[in-house]
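Chains as they are written, first to last, in my numbering: chain A, 863 to 1308; chain B, 863 to 1308; chain C, 863 to 1308; chain D, 168 to 279; chain E, 168 to 279; chain F, 168 to 279.
Source of the hints: derived by calculation from the structure; they are not laboratory data.
Heads up, some of the hints might be wrong.
Taking lysine-lysine pairs in the DSS-like style, the calculated list, with each CA pair at most 30 Å apart, reads [what the hints assert, rightly or not]:
1. C:K1102 - F:K207
2. E:K252 - C:K1094
3. D:K207 - B:K1100
4. F:K249 - E:K184
5. A:K1094 - A:K1166
6. B:K1166 - B:K1102
7. F:K249 - F:K184
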Amino acid sequence: MHLKYNRFITFFLGLIAVMGFACTGFAEWESLEQFQESAAYPKFLVDNLWLLIAAGLVFVMHLGFATLESGLTQSKNTVNILFKNVFIICMGTLAYAVWGFNSMYPVDNWIWDGVIGKGGPIPDATEAVGNLTSDYADYTLWTDFIFQAMFAATAATIISGAVAERIKLGSFMVGATIIVLIGYPITGSWEWGAGWLDRLGFADFAGSSLVHAFGGFAALAGVMVLGPRKGKYLEGGKIKPILGHSMPLATIGVFLLFLGWFGFNGGSVLSADATLVSLVFVTTALAACSGGLASIFASWMVLKKPDLSMGLNGILAGLVGITAGADAVGTWEAVLIGLIAGVIVVFAILFFDKIRIDDPVGAISVHGVCGIWGTLAVGIFGGGDFLIQLLGTLSISAFAFVFAFVTFSLINVVLGLRVSEEEEFGGLDIGEHGQEAYPDFAPSSH
Amino acid sequence: MHLKYNRFITFFLGLIAVMGFACTGFAEWESLEQFQESAAYPKFLVDNLWLLIAAGLVFVMHLGFATLESGLTQSKNTVNILFKNVFIICMGTLAYAVWGFNSMYPVDNWIWDGVIGKGGPIPDATEAVGNLTSDYADYTLWTDFIFQAMFAATAATIISGAVAERIKLGSFMVGATIIVLIGYPITGSWEWGAGWLDRLGFADFAGSSLVHAFGGFAALAGVMVLGPRKGKYLEGGKIKPILGHSMPLATIGVFLLFLGWFGFNGGSVLSADATLVSLVFVTTALAACSGGLASIFASWMVLKKPDLSMGLNGILAGLVGITAGADAVGTWEAVLIGLIAGVIVVFAILFFDKIRIDDPVGAISVHGVCGIWGTLAVGIFGGGDFLIQLLGTLSISAFAFVFAFVTFSLINVVLGLRVSEEEEFGGLDIGEHGQEAYPDFAPSSH
Amino acid sequence: MHLKYNRFITFFLGLIAVMGFACTGFAEWESLEQFQESAAYPKFLVDNLWLLIAAGLVFVMHLGFATLESGLTQSKNTVNILFKNVFIICMGTLAYAVWGFNSMYPVDNWIWDGVIGKGGPIPDATEAVGNLTSDYADYTLWTDFIFQAMFAATAATIISGAVAERIKLGSFMVGATIIVLIGYPITGSWEWGAGWLDRLGFADFAGSSLVHAFGGFAALAGVMVLGPRKGKYLEGGKIKPILGHSMPLATIGVFLLFLGWFGFNGGSVLSADATLVSLVFVTTALAACSGGLASIFASWMVLKKPDLSMGLNGILAGLVGITAGADAVGTWEAVLIGLIAGVIVVFAILFFDKIRIDDPVGAISVHGVCGIWGTLAVGIFGGGDFLIQLLGTLSISAFAFVFAFVTFSLINVVLGLRVSEEEEFGGLDIGEHGQEAYPDFAPSSH
Amino acid sequence: MKLISAIIKPFKLEEVKEALSEIGIEGMTVTEVKGFGRQKGHTEIYRGSEYTVDFLPKVKIEVAVSNDIAANTVATMVKAAKTGKIGDGKIFVTPLEDAVRIRTDERGESAI
Amino acid sequence: MKLISAIIKPFKLEEVKEALSEIGIEGMTVTEVKGFGRQKGHTEIYRGSEYTVDFLPKVKIEVAVSNDIAANTVATMVKAAKTGKIGDGKIFVTPLEDAVRIRTDERGESAI
Amino acid sequence: MKLISAIIKPFKLEEVKEALSEIGIEGMTVTEVKGFGRQKGHTEIYRGSEYTVDFLPKVKIEVAVSNDIAANTVATMVKAAKTGKIGDGKIFVTPLEDAVRIRTDERGESAI
Ligand SMILES: Nc1ncnc2c1ncn2[C@@H]1O[C@H](COP(=O)(O)OP(=O)(O)O)[C@@H](O)[C@H]1O
Ligand SMILES: Nc1ncnc2c1ncn2[C@@H]1O[C@H](COP(=O)(O)OP(=O)(O)O)[C@@H](O)[C@H]1O
Ligand SMILES: Nc1ncnc2c1ncn2[C@@H]1O[C@H](COP(=O)(O)OP(=O)(O)O)[C@@H](O)[C@H]1O
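Go ahead and model the full structure; you've got the sequences and the hints to work with.
Next up, the structure:
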């Protein structure tokens, strides 16, 4: 969104005011009171409110991830998965407040111009005027922060699912914190922070690359450092699937993610603009639905049975696919983008299993592969320059992969990354937490 | 809502513009820019935003149905139920985009005037002006579509619960598609599409008849073609209940449906009108709550035990009951409508069980019977003409029943409708999907 | 919120109009039409819409409580917990409509000035003008009612969790009704109804004391009258924990409560004011997240294991803690308030267990203790007068405790409060409801 | 006395229970088990990988009976549990040396 | 050696376990079972239809013991498991020919 | 005939099953049980209170075999189930008087 560039100027002005400097640039109004009485104020209210509600919807996605991931893993690791998701939202929001937000939107405050922004804590003051933006942006500084903070933790959550059932809790917590604190804001600044990719004209509306491919390829790195779960890949190339323990939880997760995506994409309009937000709702829903259908039928043909978990992944694939161009493509293009994403994800999941990349929830395929596809789709359907789109998505994915690979490798050396075989067998719930997820019910042993 | 009539004109004008024809009729503004600078624009923004949010809330109802239906059925059929719900939202949205939306709001494009509208795909263009409506309506074409699309799939979901645990997956998918694609838009056009019922003055605010009674009576037809689940009705008139496997899932479902109904009814105001939307929130909540209490106490008296599943159905009964008149009745009338619905639903469930209509989730009673009650209640409390209300609700219910009966009967002949006895015993999860919902837990055999 | 005082005047004027009296005081506009055409109308629409959406979000909290409470208790009492939550929302909304709302906001209609308000049913009329407020308030009478009604039932829900697994269903229903109908509106009127505490300058933005401490201390009274669950406290001071049956349900509950709190606090701004609502979103989220982290690490240090249920309680502790001052503190103060709440709650839970106050879900610690903390925090960070804050929170907590203690003691004498030992052992699901929550799964016996 | 253990298909439980009641047997203990035998499990698919579920759900009924009715008990169970299809299950008869009714301290045949 | 199987009420498990520990028995195997006997199940209601739950949850404790302590084991179990109300359960004693401790290959009485 | 019951660690089930298949045993019945023995349970914490989980998950495999292969069956099971760590479990051998295949009414050794 090119509007984004301008809003950082505004944001910066707001920031100055907040910080106690003289407020230089309220273009038209001299005081909050004046602005509130102006005809522009009601629109500002609506825009701001929509972003707050959208932030709430993106928050729902964290519950969606928590239930999806625990549904698709074994009951003996459920407490662990839930704990990680609780930790991620808490840590992610605070890390973003302490450093990430300012690092991702550095305005003029670059460590390395266009590449690495200088972070720092969000302001403390509650002064009203400073937080109000003038004629450029459509929301307050706080709204901006909370909306972006809800996005930030997402990257860590995507990784959480892929490395589930075998990663040491403490090590994961350290790794996730580093990635959210430092890694995610760096690539984020490249585009949304008006960095080098934005300057090249790269387009990633709501983050097919910046959020999803980032998370997916960081997840790939984590999985490669960790290795597969014991007992999944047998000798002779045979695969013994490790079944998720609750399809209702997984399904609840996907419906909640679908819901939250209305805020993820719809809020990324950064205003309540009627035409754009409603178009984004429609393209988002159509791509999700065609992604779901495509996965259902593709997996049905390949596997001979209608597979619920593939249908669920298909919906997510469609959603990830449309994220980069939800504002820029037409309705039937959205359907096409979703259809292709839904087919891609089925084959990507089968492919990663074949090369023994063990991803219990399909996060690499859904977020990584379809994140790239979605970004490229803007170059095909949405008016973006295909080569720049390619360059952008590969840069982001590669950075995420390398950054996470180094992070997890270092943690592996220092703290150890993987639980003992005995703990993996007995489950991380007992091993790491001394708690069971369902103490009233005895899980059956296969 | 009589406003609806006008909005189709507007919609049509918008459509023309979109289609590339000359835009003839923007009453007051000549360009989007002009409109955006006008004093009417902020109100337009709010109205449009509310409808989008309402669409999100109606989307939540699909998750509500998925969890309610899987909670009230056996664990061996859970994957199947969830799969159907995932399929329905995907298929429903696309079917509505391809044909249903235009068929339901045909404006002048009737196949048979006032009775059957001519459908077709929604437009692809993303041109801003065409999608903005002028002084009549309060939202864009895309908003209109997404809000209505979320309604459309509901009818199929209602059927899904009633025919659960014995219907062949493929056959259900075909049947549901036909009903959403063709059946639902037909009765929809009678009233909301400005067809013959609307012309007679029939009132059905948010769809007690058009959505719920339609779904309920289509469900009845499906159940009659299918027959009851094996082992439910024993010789000598004895009934052996087949228990739902998870009361938490069922309860989550009803709370989510209650939440979604704020969007279902509140959004049907079709603007953010403060008085009307807030009144609708209040009447909706009061009817739901009195419905819940009425069912709790009615079933407690009849069955001697406080029955959770009856309380849950009572809330839904109250919600279905108020749907037709949520904008037109007073607060205490809403309480009364809910109370009566809550009592009706208890006896309806007992009645259908007595006549061996096997409806695992009570969909026929909740949506069918209370849908009729709610429509009639507008004739009693809401200023509607009782006879017209009666005519309308019976016409819609009868059409739904006949349409679904024919559809399912044909499918029965061509594809077969019911799974084998062996599969029914072993569960559709293994039989149709080769998957278990809870592989870590061994269900106990009764 | 001092705005509240004024809005009761407005509300009263509205009420007069509704009741059919002459409308005396629309400051600027003489008719609804005039108001709708005024420049003030769009802002009114936005404010009103936000409060309705916030009411929906607070509704979600009831689902959050239902899942949290059932997750943290045994599977043999799950139907009972769910039933109570279904009952509470139904009863609470109706009780508030019949008496509570007017009793809590008595305007001039006090039984005892500033202490006990005179209740009565909300109006029935649907007349538009009367329900619209003039220049003072930002929402309609119906909006006011539904938002406050969603709060009202919360107090009863908090009690429900603490007395779970041993209280007779009928007795709980009577007690909860009395507390919601009479008790909650009394303390509510002291502050939000412009009673004696408000006149002293007490500050409790969204109800750390009025809702949470009230519920928490009423719960404490209930637990003291009831006694602990059999088998929890052994001889020699040993504690045998009684495990909750589903950590996913508990986690879903906390995420939903977190989500709902955006409406609980954000809606308490009572308008869509961009600066305030966005600040409240940020302080709320930051306190929740720092509360979660604080509890995680505090319990990890004390208990040597990372405890999911403590992390969950920590998030809630942070939320309760920020509730009184969410609009009045800065971002980093919010973090601090949350951190302290998160530490407090861990030790409070351990403390209550040590003194044999058996609270299965930690409601007394989360809502009671942290409710007091949050109220005091406004005296420390938020500009409130510390002594008045202390007086206020203790008065409210003491009243809640005494009121509930008397209520439950009387019920104990008349109806009996506790189920038989045999029923407690066998579970309330069979004992009270003749139903099982998970009939397909046999719970294991420990 | 004999302890008779029958491993049967779960959905036959009700019928076997009723058949036993008819010949006067009023007590039994039932366990859910998984059986492995000639009846092969089915192939399932999860996210693209096939796997075989070898163990099939069965129900084990244990009945303690006096020697004189043991043969009839076995015959009754066989009749009620038979479907004729593979996987119908097995009945095992083991000697029972003593039985005690906990409530009354009764011993031997009067205890069962 | 004897294999003693006691079918008891689930909430008596802890007490029986402790009573056995006190007489020096340190190993046992527990299975969740459903019992059918004189103690009748309860009537439940689901959506308006009554049905009877015949099978009540019980717990089966299996202990392998040497002949000399078998009688005492049975007596201890009876004492600990008794409530005097119907449904207290049964104890069955069957002959045990051999026992093996898998870890050490020990056989017979030293294995139990 | 003998009825051999082995109580083993759950994750050894697959190996034992395969070892038995290799010596020609094609039928068995598996039950989930909880074991109490020398292998001590672990301490868990719930909301600040410690408690001990005494009973550990185990799996019971029951196999009916003819006398001549009984010894080999036991030996095979021991070998496949052994980890050498405490808690490996026990094998109990009891006499089996009769066996019936429900489907065919076959009796005795041909039934198993
Ligand atoms: N030798 C055995 N020991 C113990 N249980 C057995 C044995 N053979 C079979 N079973 C049990 O009997 C069940 C049915 O056996 P199976 O060979 O499948 O069919 P059939 O009874 O028709 O021969 C198995 O699932 C298993 O539980
Ligand atoms: N003949 C039997 N064979 C096997 N188990 C039995 C037999 N009779 C009773 N049981 C078991 O003992 C339990 C208690 O028996 P019941 O007749 O209810 O009471 P009581 O033990 O007081 O006579 C039953 O639930 C059942 O599990
Ligand atoms: N006397 C016994 N009777 C029945 N089962 C026993 C007995 N002793 C042990 N077991 C079972 O064997 C399992 C393993 O025993 P344990 O003493 O922990 O280790 P080990 O087998 O290495 O000696 C126990 O968990 C229990 O299920």
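Structure-based check of each hint:
1. In summary, the hint linking K1102 of chain C to K207 of chain F is supported, as the alpha carbons are separated by about 18 Å, within the 30 Å threshold.
2. In summary, the hint linking K252 of chain E to K1094 of chain C is supported, as the alpha carbons are separated by about 24 Å, within the 30 Å threshold.
3. A threshold of 30 Å between alpha carbons decides the hint, and for K207 of chain D with K1100 of chain B the separation of about 36 Å lies outside it, so the pair is violated.
4. Proximity of K249 of chain F to K184 of chain E is assessed by CA-CA distance (about 26 Å); at most 30 Å being required, the pair is judged to hold.
5. Between K1094 of chain A and K1166 of chain A the CA atoms are separated by roughly 22 Å; this keeps the pair inside 30 Å, and the hint holds.
6. The hinted pair formed by K1166 of chain B and K1102 of chain B meets the criterion: a straight-line CA distance of about 18 Å does not exceed 30 Å.
7. The straight-line distance between the Cα atoms of K249 of chain F and K184 of chain F is roughly 13 Å, inside the 30 Å bound, and the hint therefore holds.
In terms of the numbered hints stated before, the structure departs from hint 3 and from no other.
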